[in-house]
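Chains as they are written, first to last, in numbering that gives the first Met the number 0: chain A, 0 to 185; chain B, 0 to 185; chain C, 0 to 185; chain D, 0 to 185; chain E, 0 to 185; chain F, 0 to 185.
If several chains are the same, the list does not tell them apart, and a pair holds so long as it fits within one copy or across any two.
In silico DSS-like links for lysine-lysine, alpha-carbon gap of 27 Å or less:
1. 52 <-> 137
2. 52 <-> 124
3. 165 <-> 119
4. 35 <-> 165
5. 124 <-> 137
6. 165 <-> 124
7. 119 <-> 52
8. 34 <-> 119
Honestly, the hints are just simulated from the structure, not real lab data.
Number of protein chains: 6
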Amino acid sequence: MFFQSFEVLLIRGLFVGRFQPFHNGHLEAINYILKKTDELIIVVGSSQLSHEKSNPFTAGERVTMIRLALNDIGIDSGRYFIIPVPDVTVHSTWFSELRSYVPDFEIVYSNEPLTRLLVKEAGFKVSSIPLFTRKLFKATEIRSRILSGENWSNLVPRSVANFIEKSGCAQRIIDMSSRDFADDQY
Amino acid sequence: MFFQSFEVLLIRGLFVGRFQPFHNGHLEAINYILKKTDELIIVVGSSQLSHEKSNPFTAGERVTMIRLALNDIGIDSGRYFIIPVPDVTVHSTWFSELRSYVPDFEIVYSNEPLTRLLVKEAGFKVSSIPLFTRKLFKATEIRSRILSGENWSNLVPRSVANFIEKSGCAQRIIDMSSRDFADDQY
Amino acid sequence: MFFQSFEVLLIRGLFVGRFQPFHNGHLEAINYILKKTDELIIVVGSSQLSHEKSNPFTAGERVTMIRLALNDIGIDSGRYFIIPVPDVTVHSTWFSELRSYVPDFEIVYSNEPLTRLLVKEAGFKVSSIPLFTRKLFKATEIRSRILSGENWSNLVPRSVANFIEKSGCAQRIIDMSSRDFADDQY
Amino acid sequence: MFFQSFEVLLIRGLFVGRFQPFHNGHLEAINYILKKTDELIIVVGSSQLSHEKSNPFTAGERVTMIRLALNDIGIDSGRYFIIPVPDVTVHSTWFSELRSYVPDFEIVYSNEPLTRLLVKEAGFKVSSIPLFTRKLFKATEIRSRILSGENWSNLVPRSVANFIEKSGCAQRIIDMSSRDFADDQY
Amino acid sequence: MFFQSFEVLLIRGLFVGRFQPFHNGHLEAINYILKKTDELIIVVGSSQLSHEKSNPFTAGERVTMIRLALNDIGIDSGRYFIIPVPDVTVHSTWFSELRSYVPDFEIVYSNEPLTRLLVKEAGFKVSSIPLFTRKLFKATEIRSRILSGENWSNLVPRSVANFIEKSGCAQRIIDMSSRDFADDQY
Amino acid sequence: MFFQSFEVLLIRGLFVGRFQPFHNGHLEAINYILKKTDELIIVVGSSQLSHEKSNPFTAGERVTMIRLALNDIGIDSGRYFIIPVPDVTVHSTWFSELRSYVPDFEIVYSNEPLTRLLVKEAGFKVSSIPLFTRKLFKATEIRSRILSGENWSNLVPRSVANFIEKSGCAQRIIDMSSRDFADDQY
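The whole structure should be built from the sequences, with the hints applied where relevant.
Rendered as structure tokens:
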């Protein structure tokens, strides 16, 4: 729990994702959590990764997408924090490291088994998130469609689709997979 | 430069500090920069450091102080990002690492010679910040006063003073310097 | 060779394992080596790993299991050391790093090709360990049985089975693999 | 708390030192703690450091000294663990990392302010150690005497003095400070 | 661009490879680039890796092979630099790190999509290399032949083949894959 | 010793320096060693450091200075290697790491006590270098003169002085120490 000067108790939740990219499923999850809590910490996990097949976007690009998407639907930016957190090699210290990077919180929202386990082993409360239109709202599916040229823009918020196109990130995903060159010769 | 959907050009600035703790000088600097730019990225530098004499606060505590202070004076949280960034051992890659953690920006505000040098060597624009009532608004001075029991709360925003007291951080600074025990025997 | 104060020459061996978990095959190997040497250094390798599918146990839990198992069969704790050693990214410096973590030794016992190669390239003596009832005494087999609910406790020393159950480690292995939640959505 | 199969509650303490080198003050502290607890975990801190002025000994050499000293006075090696633990750059995760390297324990014995603070912030019990003949029993004093050729062997257990001489560690301390060569020219 | 005292403009190219091992395809590529540029920086990438299946050779062994091969065909050693560069975990800072390790250069020669992308994102010029007798001149093929005992020496320069044999590296590749021992039991 | 294809025994020496910057004393040392050996490996130590007061130059800039200086006096580039090697946190593995980065060698030339100690502990041969006009030929002296505007160019080879001026490195040393700004306020 944290205190503001007028001493009203507020509840802060924490939500961890890699957001490669941020999509409509993430948006629904955040909307759901913001109904249950006063404030939300959105952790951009594996923040050190980018420019690889499963993690094409930098942390900064992921922060940008989240802000754009939440602005789109009018969520007050005073209700959330967006914090990039790098991975640690030692799994058992991940939650301790995470806590040092973010404001205090009372509850973690996650469906990921290892995250849930580490949070519980540290004596913290963890809650799951209802599943929405699961099949489509997966980052893997979106990256795969960008690569193959299929339509993907309806799977992410409008401003995120716009950002992915204009920032050159869509092109990056295609460039990274290029097989025009004999990359295995040298 | 970045684009919102209605395609108006906005200028984003970047300001780096360690904020150990956040004080009135930081607040004046941010107010100054927000008059020159549309949005501001506030980088919480040396984010991996805490619990040491010159760096007592965790990144999460520093993020909390900044949000509280900017809320205090009614700055719209939609105009800024607060992003913790760890140090890197290789100075020459620091700016490249920094860029991967934050949204795009056009100009860096800093008075620190090494920061200015690294930004300029990367071909980016850097601007200095006018000095305000310098002597008092220094983090070193505030940490020293907390330790010696002198009055320090007027040097930081009201909500920050409140946070430092209630969160136990003031006590931590005192505990860390304790000489009640023979710490050099074992 | 090392000298005790009464200046008798003793031979110390070194045995490296990950012990995920410690099982009857490890116990037979240690018994074998202790017949050939005066003292034994038991290195708990990959000490930084835990909470992952192939490495569920922390270094501390592995140290605990080894001590319990050797106590069970009455091996004098004065005859061995148990030392956790983290991996290094540079394979060619692993043996040098290992040597800095442990007391002096004369011979390494290992059947693992890379370990044997690195030891030999450093000019040290390496010896292999006879194979005991191989098929059953494999850590992979034990972790797989814990997960599927098959009987596994007869493959490890009695006190180790007891520890794995009571410490919650068996439950951790199950929790980590949980597919009750849509871990791939977020 | 931990359980052995016959379910007697035992208390395990933890004692952290750098042991550069292990001296009579350490020995008195360990004797004191072993009167208060059933078992003791002796953590060899900053295990990655060696070959520097304040940290001349490797972790392995420090483990060796501790075992020799405790053997000297007949402490049953079944009552303690000696575990090297490397430093972490992030202070706030140090205690979490430490816990992953060692068996479970109930209480930490330390007079060092930062150690005490980090243990308490994690919700663990910490106790101080009475001071013995303080002035002499300091590692700094011993290293300084080795360097200047003064008598130092009465400040450490007999077998430790013997080890420091015969292993070449005393000579290393002298060699490392050699000013026969113009080390600042190249 | 760089200047020598007589102020003639020279063009320096940069070529990145892992050279596990250096083969005739690498040699042809270097010959090709040296026709287009005045000087060449040969970066030995992933310099920290060795003693693993896909990366058996140390950086030092790879530097040795390159020098031997270029000497063989009489390329003036004044026209090139051989610089080992370790990988970084953060892809987006790799090019920045690389630049700090090597002399200035104007153009990068690479067919590898990620290398090409990172170079272009940094605003540098990248050029591709024509493919030579592709199928045979692949490091994977050579390592596989060494392991299986097939003829491989005609795929690498004569002095490189000689080095791989006499230095014991061929034997290392075989030793590392040894399955004479039950490496999965312990 | 290493063999060239015509099987003549050659002696290779190794010389470690930080070269911040490369000066006439380094040049005399290299000339001295090249009279005693057939080939020389010049290790650019602490290669990861740059942009700090005692280490202003990047590894790449130091490699460039060395090549320029040796070209100046007509030393055949076929007789030496210039290899940047990063520091490691574990002193006791430094020499092992070093060996993995460079071609084989028989003897290390160094006057630095720790380097000499680590080389000797690894069982290698180490030799000292005669002192030349010591007082002037120190990197500290040169950096200090660049900063204060005193004459320094006669302390380094002519082409090195030229490079330091034209590359902007002299200006960097001055910029890094700038006190025009209140760098301690923010």
